[in-house]
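K.L.:
Read off the chains here:
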Amino acid sequence: MDIHVNINGQAVAWRANPGENLLDVLRREGFASVKRGCNQGDCGACTILVDGTAQRACLLLAGQAEGRSLVTVEALGTPAEPHVLQQAVVEHGAVQCGFCTPGMLLSAKALLDENPSPTYADVCAALDGNLCRCTGYKKIIEAVLDASGRLRK
Amino acid sequence: MIENAKVCLYPKNPGEVVRILEQEGRRALILAGGTTASQVRDPGVTTLVDITRMAPPTDALTHEDGEWFLGCNLRIQQLAAHAGLKQVFCGMLCDAALSVGSRPIRNAVTLGGNAVSVFRWSDPPVALLAMDASFDLVGPERERTLTADRFYSRHPRRILKPAEILKRIRVGVPSGRHGGAFFKFARTAFDLAVVDVAVCLWFDSDICSRARVAIGATRNVPWLSTRAARMLVGKRLEGKSIRAAARAAREETKTADDIRTGREYREQMVEVIVRRTIERAGDNALGV
Numbered sequence: 006m007d008i009h010v011n012i013n014g015q016a017v018a019w020r021a022n023p024g025e026n027l028l029d030v031l032r033r034e035g036f037a038s039v040k041r042g043c044n045q046g047d048c049g050a051c052t053i054l055v056d057g058t059a060q061r062a063c064l065l066l067a068g069q070a071e072g073r074s075l076v077t078v079e080a081l082g083t084p085a086e087p088h089v090l091q092q093a094v095v096e097h098g099a100v101q102c103g104f105c106t107p108g109m110l111l112s113a114k115a116l117l118d119e120n121p122s123p124t125y126a127d128v129c130a131a132l133d134g135n136l137c138r139c140t141g142y143k144k145i146i147e148a149v150l151d152a153s154g155r156l157r158k
Numbered sequence: 008m009i010e011n012a013k014v015c016l017y018p019k020n021p022g023e024v025v026r027i028l029e030q031e032g033r034r035a036l037i038l039a040g041g042t043t044a045s046q047v048r049d050p051g052v053t054t055l056v057d058i059t060r061m062a063p064p065t066d067a068l069t070h071e072d073g074e075w076f077l078g079c080n081l082r083i084q085q086l087a088a089h090a091g092l093k094q095v096f097c098g099m100l101c102d103a104a105l106s107v108g109s110r111p112i113r114n115a116v117t118l119g120g121n122a123v124s125v126f127r128w129s130d131p132p133v134a135l136l137a138m139d140a141s142f143d144l145v146g147p148e149r150e151r152t153l154t155a156d157r158f159y160s161r162h163p164r165r166i167l168k169p170a171e172i173l174k175r176i177r178v179g180v181p182s183g184r185h186g187g188a189f190f191k192f193a194r195t196a197f198d199l200a201v202v203d204v205a206v207c208l209w210f211d212s213d214i215c216s217r218a219r220v221a222i223g224a225t226r227n228v229p230w231l232s233t234r235a236a237r238m239l240v241g242k243r244l245e246g247k248s249i250r251a252a253a254r255a256a257r258e259e260t261k262t263a264d265d266i267r268t269g270r271e272y273r274e275q276m277v278e279v280i281v282r283r284t285i286e287r288a289g290d291n292a293l294g295v
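Sequences listed follow chains A and B, in order. Last residue of the first sequence: number 158 in our numbering, and the count goes up by one each step with no gaps. Last residue of the second sequence: number 295 in our numbering, and the count goes up by one each step with no gaps.
Looking at chain A on its own, in the form it has when it is part of the complex (with noise of 0.2 Å):
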């Protein structure tokens, strides 16, 4: 069936399964940011913003996102023009390998959207469903405190 969905801020209509993990649809549309960690709900590197709140692409099925508005982190900044949650990443040196970090800056983004002066707590409640086996967490999180500053001035 056709799903139509607004990715990115543009609305499409995608052929699929309407059974189908929108992760599977996502990255055969050519979502490559949306990577294919667990696949099954535990470590966040699948996360994308559904209407506004993070949540993992592998645990929706296709049919669920007709009519919904995604964001992925291709929308997020370009490498001329980087969000500032992707400037603070590089400036702290949040990334090793980098396949956490789609995940972490969405789940990031979700919160400065809901909570733009966001505590330390704060930030760790909310990537706490984002796993990266190499930075650790503390550049993650000091990148996205020093984010939301910048954001806020």
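Don't read these hints as lab results, they were simulated from the structure. Remember, predicted model here, so these are calculated numbers, not experimental data. All C-beta atoms, glycine included, are put in the ideal place defined by N, C-alpha and C. A few of these clues could be false.
Here are some of the chain B residues that sit facing chain A, going by a computed Cβ distance under 10 Å [to be verified]:
| no. | residue |
| --- | --- |
| 1 | 12 |
| 2 | 14 |
| 3 | 17 |
| 4 | 41 |
| 5 | 43 |
| 6 | 53 |
| 7 | 55 |
| 8 | 59 |
| 9 | 84 |
| 10 | 108 |
| 11 | 111 |
| 12 | 113 |
| 13 | 116 |
| 14 | 197 |
EDC-like, lysine to aspartate or glutamate: derived pairs with alpha carbons at most 16 Å apart [as the list claims (entries may be wrong)]:
| no. | chain 1 | residue 1 | chain 2 | residue 2 |
| --- | --- | --- | --- | --- |
| 15 | B | 13 | B | 31 |
| 16 | B | 13 | A | 71 |
| 17 | A | 143 | A | 133 |
| 18 | B | 19 | A | 71 |
Take the given structure of chain A and dock chain B to it, following the hints.
P.N.:
Just chain B now, kept in the frame of chain A:
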């Protein structure tokens, strides 16, 4: 992936859901949050039924005449963060909701889906059972309401009749001196529970007049330890009665080994966690 799914339907009200389920029978699979449905591999399913677009909105959380009405499509994160519900039984349902996975999971999982698809380790159903919640169901013939005791007397999927769905859950606002507490014991911050305990206590002066001790993660559905409750009712809440109640809960526990822990350890932890949860509920009630 549900490989043989051909269509996804978006019914606009509970009656329409019931009609679809009547027509499609076992070929239909209900989607709410989708976290359980996305793991289904049933080749017999051809029709998906997304029930999250129903009107009037079924994700509402309202308060009227001494009761909270929790819509079936309420997201667990909404429940966890609700200021009004934090005042009911000392926020034990919010605590149970906050115990569910990580935030992106809570943003997706619905209360109704969690209550009906209950797994051994599901957290909110344990609190709902302790709080003596009511479950409003809609079916082809009529609407009916079940107590939490009845709803969780077996797996809810065996309690629901064909084409019957959960519409909302009601939680009464307790009066008089009372307290509640929820305690999840798990290996890591968002691992599934080894033991869940929820306790509600009512007091007449400083004598416990009613107690509900609900235990999760030990059987397929949460259950009430009636023996533990008997050890508390009619007594002051003090070390001796609390320890006796915790021991009684352990004796009443029927559980088994699983991937997380062994039977014996889980039984021991039931005693420990029941004791701690009763103490916490008592402190909440008596203002300690």
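K.L.:
Each of the hints needs a verdict: does it hold here or not?
P.N.:
Evaluation of the provided hints:
Given hint, residue 12 (chain B) at the interface with chain A, holds; its Cβ is 3 Å from that chain's nearest Cβ, closer than 10 Å. The interface hint given for residue 14 (chain B) is met, as the beta carbon of that residue sits about 6 Å from the closest beta carbon of chain A, less than 10 Å. Using the Cβ-Cβ criterion of 10 Å, the hint placing residue 17 (chain B) at the interface with chain A is satisfied: the shortest such distance is roughly 7 Å. Using the Cβ-Cβ criterion of 10 Å, the hint placing residue 41 (chain B) at the interface with chain A is satisfied: the shortest such distance is roughly 5 Å.
Below 10 Å, beta-carbon pairs count as interface contacts, and residue 43 (chain B) has one with chain A at about 9 Å; its hint therefore holds. Hint status for residue 53 (chain B): holds, given a least beta-carbon distance of 9 Å to chain A, under 10 Å. Checking residue 55 (chain B) against chain A: minimum C-beta separation of about 5 Å stays under 10 Å; hint holds. Given hint, residue 59 (chain B) at the interface with chain A, holds; its Cβ is 8 Å from that chain's nearest Cβ, closer than 10 Å.
Interface restraint check for residue 84 (chain B): the shortest CB-CB distance to chain A comes to about 8 Å, inside 10 Å, so the restraint holds. About 7 Å separates the beta-carbon of residue 108 (chain B) from the nearest beta-carbon of chain A, less than 10 Å, and the hint is met. Here the hint on residue 111 (chain B) is kept, as its CB sits about 5 Å from the closest CB of chain A, short of 10 Å. A least Cβ separation of about 9 Å between residue 113 (chain B) and chain A falls short of the 10 Å threshold, and the interface hint therefore holds.
Look at residue 116 (chain B): its Cβ gets to within about 9 Å of chain A, closer than 10 Å, so that hint holds up. Checking residue 197 (chain B) against chain A by beta carbon gives a least distance of about 7 Å; that is within 10 Å, so the hint holds. Taking the CA atoms of residue 13 (chain B) and residue 31 (chain B), the gap is near 13 Å; set against the 16 Å cutoff, the hint holds. Taking the CA atoms of residue 13 (chain B) and residue 71 (chain A), the gap is about 14 Å. The hint holds against a cut of 16 Å.
Straight-line distance between C-alpha atoms of residue 143 (chain A) and residue 133 (chain A) comes to about 13 Å, which keeps the hinted pair within the 16 Å bound. This hinted pair checks out: residue 19 (chain B) and residue 71 (chain A) have alpha carbons roughly 14 Å apart, not beyond 16 Å.
Consistency with the previously given hints is maintained throughout, with no hint failing.
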